[in-house]
Amino acid sequence: MADINQLKDFATQVRRDILRQVHAVNSGHPGGSLGCTEFLVALYQEIMNRKEGFDMDGIGEDVFYLSNGHISPVIYSVLARSGYFPVEELATFRKLGTRLQGHPSTHDGLPGIRIASGSLGQGLSVALGTAQAKKLNNDDNLVFTLHGDGELQEGQIWEAVMYAAANKVDNVIATVDYNGQQIDGSTEEVCSLGDLKAKFEAFDWDVVEVKEGNDLEAIIAGLNEAKSKTGKGKPVCILLHTMMGNGVDFMMHTHAWHGKAPSDEQLENALSQNPATLGDY
Amino acid sequence: MKKYIDSGKKDTRSGFGAGLTELGRTNPKVVALCADLIGSLKMQDFIDENPKRFFQTGIAEANMIGMAAGLTIGGKIPFAGTFANFATGRVYDQIRQSVAYSEKNVKIAASHAGLTLGEDGATHQILEDIGLMKMLPGMTVINPCDYNQTKAATMASAEIDGPVYLRFGRPKVANFTSENVEDFVIGKGIQLQEGTDVSIIATGHCVWEALIAAEKLSEQGISADVINIHTIKPLDEEIILKSVAKTGCVVTCEEHNYLGGLGESVARVLSLNNPTPQEYIATKDTFGESGTATELMAKYELDAPAIEKAAKAVIARK
Chain A
660 MADINQLKDF ATQVRRDILR QVHAVNSGHP GGSLGCTEFL VALYQEIMNR
710 KEGFDMDGIG EDVFYLSNGH ISPVIYSVLA RSGYFPVEEL ATFRKLGTRL
760 QGHPSTHDGL PGIRIASGSL GQGLSVALGT AQAKKLNNDD NLVFTLHGDG
810 ELQEGQIWEA VMYAAANKVD NVIATVDYNG QQIDGSTEEV CSLGDLKAKF
860 EAFDWDVVEV KEGNDLEAII AGLNEAKSKT GKGKPVCILL HTMMGNGVDF
910 MMHTHAWHGK APSDEQLENA LSQNPATLGD Y
Chain B
3 MKKYIDSGKK DTRSGFGAGL TELGRTNPKV VALCADLIGS LKMQDFIDEN
53 PKRFFQTGIA EANMIGMAAG LTIGGKIPFA GTFANFATGR VYDQIRQSVA
103 YSEKNVKIAA SHAGLTLGED GATHQILEDI GLMKMLPGMT VINPCDYNQT
153 KAATMASAEI DGPVYLRFGR PKVANFTSEN VEDFVIGKGI QLQEGTDVSI
203 IATGHCVWEA LIAAEKLSEQ GISADVINIH TIKPLDEEII LKSVAKTGCV
253 VTCEEHNYLG GLGESVARVL SLNNPTPQEY IATKDTFGES GTATELMAKY
303 ELDAPAIEKA AKAVIARK
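Listed in order, the protein sequences are those of chains A and B.
Per the working numbering, residue 660 is the first one in the first sequence, and the count goes up by one each step.
Per the working numbering, residue 3 is the first one in the second sequence, and the count goes up by one each step.
Incorrect hints may have been included.
[Said to hold, decoys possible] Straight line, CA to CA, 30 Å or less: simulated DSSO-like cross-link-like pairs of lysine-lysine:
| hint | chain 1 | residue 1 | chain 2 | residue 2 |
| --- | --- | --- | --- | --- |
| 1 | A | Lys794 | B | Lys248 |
| 2 | B | Lys31 | A | Lys886 |
| 3 | B | Lys248 | A | Lys710 |
| 4 | B | Lys248 | B | Lys218 |
| 5 | A | Lys794 | B | Lys54 |
[To be verified] Between beta-carbon pairs, the in silico distance windows are:
| hint | chain 1 | residue 1 | chain 2 | residue 2 | range |
| --- | --- | --- | --- | --- | --- |
| 6 | B | Pro236 | A | Ala750 | 54 to 64 Å |
| 7 | A | His766 | B | Asn29 | 22 to 32 Å |
| 8 | A | Asp799 | B | Gln58 | 50 to 60 Å |
| 9 | B | Pro236 | A | Leu852 | 43 to 53 Å |
| 10 | B | Gln58 | A | Asp874 | 36 to 46 Å |
| 11 | A | Gly712 | B | Glu51 | 52 to 62 Å |
[To be verified] Chain B regions said to be covered by chain A (calculated; three or more residues, Cβ under 8 Å):
| hint | stretch |
| --- | --- |
| 12 | 76-88 |
| 13 | 96-103 |
The set of hints was computed from the structure by calculation and includes no laboratory data.
We put the CB at the ideal spot given by N, CA and C, even for glycine.
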């Protein structure tokens, strides 16, 4: 395992990248991005089996799909700092002509992105297709996904959840960013998800619950536990309890920062809570 | 006039099934998905020969389209089959984001398109699907006219890299095009009759009707240029402009709403290059209803007598 302090430094720099990307264009989604920073750092820096370079087919390596595409600032930062494209390109986020579209796209050939996302609820189906392709190709690698918890209100998710169990797609690990917030308020107020663990288990999935979803060591332990459950005839779900806006005190405990950029003063305050570790772009 | 022989009525969906079976034998990358309509889509032979390359999704079309997109990431060429209504309108956003915008090599196999689905009625008779699909950037849209052409179109779809919407139907119709699959080229219209008085440009089940209409017109001294446009996008503009340069007027024929269909694509080409009087054989911004295929083609004025009448009307407008 990588040095945990190095991973923490990596995550701190990703938080800075998120805040600076969103601030520069006065748009984008910092809340969910900050909440999933540790998860994506753990996934790309510790868990996933990744090849050098990038090809669309992803044969012979683990594949990740971001289904909740609005948290693009975090995946762009993690991909850039994992070597998929130059870190300086983060400065083009959401600007005319960029490969870093508001929501992730394959259209402009950004390395690391294999499917467009943004319209919610589609990524798990795509993952199941790739998982089945891996089985046909005798490729033992895994397919990972990340979903918002509010995203589970989309019906297509449950079509995919049912298919995966019925067809024993046991090479997929779907993680739910369980922060309890969505645009119009808490998930409880908007449309309660009920007992998610019981729901996934009732659909015959194996469920791993990570209570400390912003703690790198807890996340890595949860991901390793999930990996140990693959290949046993059941799809695997991680319920990742996160804090939206994690790492920036005034962005936590609220859904207000779902899709809002900080002002100049707010940015300065937020960055002071996350001092540069790997150098800003 | 060229004579076209009906070698025996067959359904276009069986042409799809035959093409898919052939692909199963010749192209190991080809896989298939279906949302609980294996028999209707004639996919059983492919499944029997390639059980591991088939994915039954159940009645869950959105998941089927997403899975098809995912299968391309791994090098597969998926054919996702269901009724045209559920293959387009029901899953438009899944096709838009996960297939078209993501530039995935997914082939959407859409059966039972149009009025000729018949007795099941308007809930299943989609007349808007060509428009929905042709508006998506990068989507190839093919509407073959008979069994042979559907088989050839299915096989040709696997040869191009990119999303394809393949539209075919339920009823048994005349089978008259070439058996040689190599005669079918995506994006290339087929000159069926040479004529000088009126261009009849037809797609899908209307093509045979257009040939019958051309014969009737010929008996009355009217010479019709008949073109089969099987690929609505990309459109063979050259064959259309060449025909209209000879005839000076055009009738477009399709089993689809006049809004968004072949007729509007032809009208765009003509208005930009050679403004020409045009009549539309198409449904007139309406839903369908229960009935037999033949009854519906007559009632909604998509059959040979309607084409003959439209040809005379458009000649009078020259």
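Results of checking the hints against the structure:
| no. | hint | in the structure |
| --- | --- | --- |
| 1 | Lys794(A) - Lys248(B) | 57 Å, violated |
| 2 | Lys31(B) - Lys886(A) | 28 Å, holds |
| 3 | Lys248(B) - Lys710(A) | 59 Å, violated |
| 4 | Lys248(B) - Lys218(B) | 20 Å, holds |
| 5 | Lys794(A) - Lys54(B) | 10 Å, holds |
| 6 | Pro236(B) - Ala750(A): 54 to 64 Å | 38 Å, violated |
| 7 | His766(A) - Asn29(B): 22 to 32 Å | 27 Å, holds |
| 8 | Asp799(A) - Gln58(B): 50 to 60 Å | 24 Å, violated |
| 9 | Pro236(B) - Leu852(A): 43 to 53 Å | 45 Å, holds |
| 10 | Gln58(B) - Asp874(A): 36 to 46 Å | 41 Å, holds |
| 11 | Gly712(A) - Glu51(B): 52 to 62 Å | 36 Å, violated |
| 12 | 76-88 | holds (count 4) |
| 13 | 96-103 | holds (count 5) |
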